[in-house]
Amino acid sequence: MIASLAYVVTPAIDAPELRWAGLLLLLPATAVLLAGGCAMARVRSKLAGWTTVLLLLASFIITLMLYGQVQHPVTVELFDWIDFTWGDGSKFHGFSANFSLYVDSLTLFWMLFVTGLGTLIALYATEYMEVDVGQGYTRFFAGVSIFLLAMSILVMAGNLLMLYLGWEGVGLASYLLIGYYYTRPSAVAAAKKAFIVNRIGDLGLALALFLIWDNYGTLDFDGLFQALAHQPTTWPDWDVAAIPYLIMLGAFGKSAQIPLYIWLPDAMEGPTPVSALIHAATMVTAGVYLIARTMPLFALHEMALPTVAWVGGSTALLGATIAVAQYDIKRIFAYSTISQLGYMFLGLGVGTSFGACYHVFTHAFFKALLFLTAGAVMHGFAGQLDLRKLSGIRRIPGFGLISWTMLVGCLWLSAFPYTAAFFSKDEILAQCFIGHGPGFEFLGWMGLATALLTAYYTFRVWFRVCAGPVHFEPGTEDHQADAHSDQHEIVHTAHGHSPVAGATSHAFHPHGPRWAMSSVLLILAIGAVGAGIPGYMALSGKPNWVSQMVAHSSAVDAAGVTQSHDHPTLIGFDVHTGLTIVGSCAAIGGILLAWYLHLHRRKSADALRLALMSHPITRWVTIAAENKWYVDEVYHAIFRLPLWAGAHILAFGDHHFLDGVLVDGLAKLPAAAGRVFRPLYGGVMQGYSISMLGGIGLILAWFVWVWTSRG
Amino acid sequence: MTAMAQRIDQLWPELMVLTGAVICALIGLSRQRSMRAAVPIVAMVTLAAAVLIEWMRPNSGSESGLLFPSLGHYVKIAIGILGIGLAAIGAGHMDRKFEAQIALGRVSFDPLRVVRGEYHAFFLFSIAGVMLVCGASDLIWLFLALELVSLPTYIMVALGRSNRAAQEAGIKYFFLGALATAIFLYGFALLYGATGSLDLIVIRDWLSVQSALGGLSSMAVLGLLLSTLGICFKITAVPMHFYAPDVYEGASTPVTAFLSIVPKFAGMCALIMLLGTVGWNGHSITASDGVRIAYSGLPQPVTAVLWMVAVLTMTLGNLGGILQKSIKRTLAYSSISHSGYMLIGVLAGPGAGFDALFFYLFAYGLMNCAAFSALASVERRGNDVDSFDDISGLRAKQPLAAGVLAISAGSLLGLPPFLGFFAKAYLFMAALEAGHVGLVVIACVNSAISAFYYLRFVLVPLVAPPSARADELAASNSAFPRIAAAVCGALLLLLSAFVTQMLGAASRASSGYTPVAVGDSAQDSVQSARAPAGGDANQVVVDSSTRHP
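Residue numbers (our numbering), protein chains in the order written: chain A, 345 to 1055; chain B, 789 to 1337.
Bound-form chain B, shown alone (with noise of 0.2 Å):
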């Protein structure tokens, strides 16, 4: 009862994100007009408040029994603070045709043609989603809370504009998704076949019993490989890129925005989850009283998946990206090449490969939420601008969001005063340090082909002379996404001179955890088939010469 209680006490700020979505549903079908366009603020309010609960909170999830004691509490301030943004952008969004037709007296209100309660309830269950994936138990939970993630977001994308492409989008993106879900449920399956059990620490516990004693079973690679597949979908990644092009481009700029961060950060966080249940091979960290403590694991099958993943993301996405005319599909082939930028902190493992895979989620949702909402701050004829055509010579109109779509691009591209500089830096020395220098070379030639596209994003508002098209661009109809332009924009400079504080609380959100057995049952095993450890019992310590082959 006790540990029941514990587990609903780390669950206060989903409680409270799940609080505001009901909230958000009852009041989208309020007649008032202000109770509707409160809800984007309740969304924001009560994502602040989760964030607040979080961060009050002290830290004490390492008796909670889960295989990443304290990712939560990184994941959700961070999530919660990037909904705040996403919410932002999204307000005003929802039904504003609708709305200005009720405001005009043309036509009275109609509670089966208004959607923004929903949408906005949907935007937070996706986010609870997020927040509970880290909390993950066991395989079934995990399996429901990324199901929480993606379910909501299939509807956001129909829900979010009235056009063909939109439903279009939709209902591509749902059976594509189910396809993924297919795929790494069977993963999961094969995992429980091969350890006879749900529980991430008791797998864990069993595979490391098995490497122990001759070799992971080829039906425990397998489910590994197969659930690693099947989340790539989440995190856009090859082979599971295909529909981000086509579903980014027909989804509205809120729930591109929401898509290219929300799923991200729940697959990337599933994705460490299920890896660490084998550990990383050939890495090592540096524990608090200075020995180095080498890890071993991660089965060679599985880093030469991730490796030819990671390779093949980041090149396809920036190759993608040289050739679009879309903004939306640019940005889209920008997100796919960020995921394989992103592997590299996976594959780079615990320490500094963790610290700054999750600097860099936070960073690049940052500088998504910027670019999405200099984009989401002008519109043209009330619908979303898409093409480059329409932003050049933004400069003139829309000052403001022509400096942060600069800002944005720049930092993604990863200019040094931005913080995405700083985020790359960190994740190429921690694979570096990991010994794959081969994966940085290739990294860095990425991010140099991809200046190509993102300079456009330079260019074409702060240089290019206004086009004819560009003549028609309005500032939106609300202050909100401008608002968080401003913020976010301003915080990718700022932020810069923080970045040592930021990962010092990045490189909290991995610790607690240790990929070797520390289960009564599996403990004796592992001991009596390894080597006597030195000092700590549960971690093999080695001498630092020896650590990379």
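Isolated chain A, as found in the complex (with noise of 0.2 Å):
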């Protein structure tokens, strides 16, 4: 059971010499302004995007100056904003807050994946949209700008209510991308889903801020930090205690745990690089960020970080139980990213924030990395995605890097034996078994069973669509017909291409990547390698930069209070050498299953799913999991099928009394009125003016009245 803790955070210093941090902010919302202006002066061409991608990239430039310049925490004043002071005649109330930014290692580490990725998945869709150049290039780029400057808000934060300021810009981009393609209703319905889902984390979070300034006073991190530090250390009343719980609500939103996840599969409406975006560098690291920046709080009650561990532990593993039995690639990954984001608030929750920062870390990259090759199957097939219609397409020319960068990020997804993510986490799985909580070491078991699910269905694909003898049938997708048919015959005439045996289709060829997304591919697949290196020196007990980097954060706590002295084993050894043995062979297992079922034998596969479907019991489970559980329709029913009758009684309650009689009644009150000082009013000005003097006399009798009569 965790104690209740006073946090000690060291307490920032000012550092108004470092107020050029402020272009952070400064250089995304002047990519908004750039790519608006291009909207507006109907650029038919990519300077949209390439101002974007610059932007980014000095912003990126920025964030590793300022890395160099921070070593403690420091608060950056850029101007007033709000400074509300009011006195009830016992005392003065104030309510402040500034435009600051909040900037500790902690800060820094997110910007640099948040910029950093944020620029290569910009490069990246440069060529990736380029079939809208005219259409909707500039309105992407203006989203992605967005999308970056409101998470750059968030991360940047000086209190909270910036940060709820860019919380909800996460938002606003998210629905803004998501509904890009705004013809197709199923995009419209995801981002309205996206939107609407979000909305209700964002009320908790909202409520967490009244109550923290309420109780506190203040919303500033450093004035709450050392608010914190300084109170008495016994539980404290149910409306402090109640804060962590909301924030919780609010991450969970946004990073797509249960019960608020049912959005993000639906996100992937949205171009690939949107969809890379929000997995990878924003949106969904936001929720992970924001308890890692709050954990001083989830020290208010005792179940605040055991809730969170469980939550995390069976999204994981929920996720993954969906995710084996998808046909859609883009749809597998984005249940992966809910089971990996479970993960990573698993490790929130047993108290490693090291281990859960650095599997958002290795997961940025490896989860871009598959989304932007998903993209470019998709890109190069005409929107195919469907893993049972393509095969072997590392034989195809144009798509072997695709293919082998691909198998790098489903190595790292399935944290294959001294990968990236392989350390990261094991590293929290590890904290399961050392750290004391209600349960831990189950759910250190279920994140074991959920990394065997993970390897399974992460080579599922790779082995299904790029394994295997070469075959496939090119989507429908609209972006093929038309104006994307010329462009279509520039990019085969490029590649010299030449006809593939197998393919259903004569018509259509399909095209590799040129530069910029080849180029994207290959820095993430270096990116995805070179993260491991953090991890290695952790296993090695070294300390490592990301360990170094959180650990002089807010967050630092969390991985100091549940470091406990004693070594629990696993399996007979040491729990980091069991772990590495177990989690090896999980992960080895998986692959293993997944070649057998989906490249040595693909007839077996179908043959297990007939199998299981003749039986009653296990063809009710196959039937739920490939329907998602049927979460969607079982919240359809709970919520918005009352929801639904509530606004029809509501609509008709106002159509029929409020519309009805108040309004029309209280029209005709004027008009009744009106018929008896027919003479006053009607548009004659000797009424008017009657009206005015009458007015004056009224007042003046009155005063005259009163004040005569007492004097």
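Don't take each hint at face value.
Below, in silico cross-link-like pairs of lysine to aspartate or glutamate (EDC-like), each with a Cα-Cα straight-line distance of 20 Å or less [claimed, not checked]:
hint, chain 1, residue 1, chain 2, residue 2
1, B, LYS1113, B, GLU906
2, A, LYS390, A, GLU512
3, A, LYS733, A, GLU785
4, B, LYS1185, B, ASP1259
5, B, LYS1113, A, GLU474
6, B, LYS1113, A, ASP1003
Just so you know, the hints here were simulated from the structure itself, not pulled from any lab data.
Dock chain one against chain two, each of which comes alone in its own frame, and use the hints as you go.
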């Protein structure tokens, strides 16, 4: 059980000399304005894309410069924003929230991959989105810039109100980008779903802000952390204890955890770079950041962190079970994101902020890689993403690089031994066995089971799509038709394309990526490999970069709190050694299973499914898993239907009572009054003057009556 | 002589604007089309120059012998900026049919048939009037400046449109305005009678002597009441608000925009200067050295009447707005209700109340500028749009106008990301601090009621399907209203990030004002009549615990 602790966060130092860090907000804002300007000027070139890439690159460089400057937490006041003070006779109240930045190593850690991956994804998108040049290209890049602007505000915020501003901005940007193909009803529905589900979480965060201000009188991170450090160590009242749970709700919404994960799989309706942006660099990591940032608040209730751990662990398992039964590549990756985010929350909950943040970091690389390769496949095969309809594409010219980088992504996602994700996942699962909390050990085993499933469903994709005999059916995406067909021709001549044997459609020629997309994939693959270095050092007990970054921030204590001195064992070994063995077995076992079912003997997978379908119990499980456990349908029945009914009842009442009786009745009143006073009104000037003089006369008469009768 | 030179030195912006007015009147009659078309640009440039002159000048008005020595600085800049927006709304509106016919070669130029030059000259005269109001040192100057604001507007209403409704509105506005002028002039006369002086500072000294020696005379209070009620006409407050819906509807869109902003600015300044002669009751501000200074003075009857006027104004304005079908009438009622909110700031008094009030005046001006420029940027068959039916589904044809209309309505309503929210929040907090809890509650209820009609500005253009009438909408002939709409709409969003800075600027407007006597003649009497003051001889310092009754 976690004891109540006075969290000590190093007080921040005011650093006016670092005001240039404000450029990190200004540059994406400039990108938004430039893209908006391009849209207004109806620019029909890739100008907006390149300005966005360059400005994001500049903000990445500034992050690097800032990284060299900041050793301890600093606050940078940009300018005064809101400063209300009022007195009620006995004391003064104040509410102030300035445009200030709170920069510590956690901030920088996040900003590094937000801006870094943001730049790479924007670069990828300059090529990916080229079919829309002139139509939606500028709109797309304006959206991307808003996304990264909002994310930068969120991460750099010096107080919770600014964080909330960025939080809402991220929600807005995701709505705009998921609904990018606004003529497609499914995209519009997905955008709405993402926005509305996020609103539920936002409500929790907003309430948490109110409670924090009410109890601590400040929303500044620095002031809040210092206030927390000095508060008594007794368990607080419910209105304080509720704060971590409300923050949690916000984080669950943004980071797609149970019960608010349902928006994320649908969010792939947006263009693929958007999915990469949402899943890797921005949006979903915001929830992890929020909890890491406000970690001292989670000591306010003893069950707060264990709740996070349990929700995270369950989400990890649930996401993996759904991913096993899906056929759409992007959908599988989407569920894998939910599952991996579950690991991160599990890490936060069991007390290893280091593990959670490290997993965010490694995940950012390989998930961006996976989505961008999936996007390249989709781009090349006209929207085809069904893994039953693609096979052996690594032998198609131009797709070799995609297949091999995707293999890197898959190995990392399945936590293959001695890859980056293997270390980060190990760190989290080890803490489950080390930490003392309700059922943490069980969560650890659950995490291992999830790892097995993860390895299986990941390689199910790769063995199906990239390996095996060459065979494909192109999709029917609209960008293949009309405007895009010219593009195809150009691309094909450029590639010196030759017809591929086994193609079912002779008119269709798959085309591979050019330099922008290819170089981004390569950089990401290298980054994913490099991301393993800190993990390797952590395993050998040395201090490493990520743990240094986390240790000097507000997230530090969660890592320090539950560090127990007894060394538990796992299957007879030290916990880390044991996990290395079990984890490796899970990953390799999953991959072997996938190899057998989806490459070695593909028919056996179908046979297995048939066998499962033939038994009454397993039949139900199969169908339910393929239908995502019917969670959407259950939500529909529990929440949407009553709301829908309530809305109609209210609309009826509004129409017949409010409009019908109250408003129309009110409207009749002046008309009735008008009939009495018709001589005065009706636009006749004399009437107006009499009314005015009468009014003045009444006021003066009242004055005379009151003040002369007194005196 | 040096005093005179100093006064004239303060008047450079006014002189600039008046020069611009003369140029407008002259080149408006030019035979060249391009010269005539330059009239609105001249108006905008001279206003910009006036703003620039005032901006560059160090604010050294403290020795100028004015009751509010720094008021002019803020007001001249604010009304100058708003004036540029208003001129942009009106650019290309005057004479548009006649000019179109000239362009087609159907008729030749006839100096008797064009009004653009006159219109813009009057426009600038009126704005110069607002600037002069703030420089008023005595009642005569104040009266003349207020009339300089109003007289041109009577003509502008009639000039702006060549139909019967505009003529009728102009005549109505003129006669009712004359009536209101008579009332506040009578109030001025009574004030003169009660104090024997026209100079505002001398009046302030005498009144503080009077109140120190056993209360204000009835004549002085009556004078204040009548002046206040007369000025209610300028700010469209109850009971002088009746004309507003008719006149706003009858006038053309740019003129309506002008009426909703400029006279209100002048009226509010005049009201503050008049009431400034008696100070405020039960209010305190923190001086620079941290001592809380309590002001006493605003007489009970004046407070009571202002309270009543504020409540009635916002309530009647908002209830009236619900039932309207005409956009301009709705905005007229909206402007009435906003006057009610502003009176809260007047009641809250110096310090927080005035800061909030001046902030609100500018924010309100900007919101109305945005709304009217959006309206002016579309036209239907060459006429102003007026009914909500006209703008139904506006988003399809004029997305900019529809968006700006929605933003301005959200801001007028006081929704959080927009400037209007901060304006209202500051106002209400100042009132809370001054102890007017009831007033704030009523104002909040009123804000909720106003949502009923403000949301129509969001729903009708953005959500409702395009109506048959809306199909005939076209963009206005001039690009200026569209630019004004885009700029004002963007400012309503962006300025929200700089509210503290804006409030700082607004708070300098009332700096230097002391509500108690400082003159030589009165000082001794006041000193002897009052308890010994701690510290500053000019101000009565009390303990902060006793400042609220």
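Hints and how they fare:
Only pairs whose Cα atoms come within 20 Å are accepted, and LYS1113 of chain B paired with GLU906 of chain B is rejected, the gap being roughly 32 Å. Proposed proximity of LYS390 of chain A and GLU512 of chain A is contradicted: the alpha carbons are some 29 Å apart, above 20 Å. With a C-alpha separation of about 41 Å, the suggested pair LYS733 of chain A and GLU785 of chain A falls outside the 20 Å cut-off, and the hint is violated. Between the alpha carbons of LYS1185 of chain B and ASP1259 of chain B the distance comes to roughly 8 Å, so the proposed pair stays at or under 20 Å and holds.
For a cut-off of 20 Å, the pair hint linking LYS1113 of chain B to GLU474 of chain A is broken: about 48 Å separates their Cα positions. Between LYS1113 of chain B and ASP1003 of chain A, the direct Cα distance comes to roughly 15 Å. Compliance with the 20 Å bound is thereby established for this hinted pair.
Comparing the model with each numbered hint stated earlier shows that hints 1, 2, 3, 5 do not hold.
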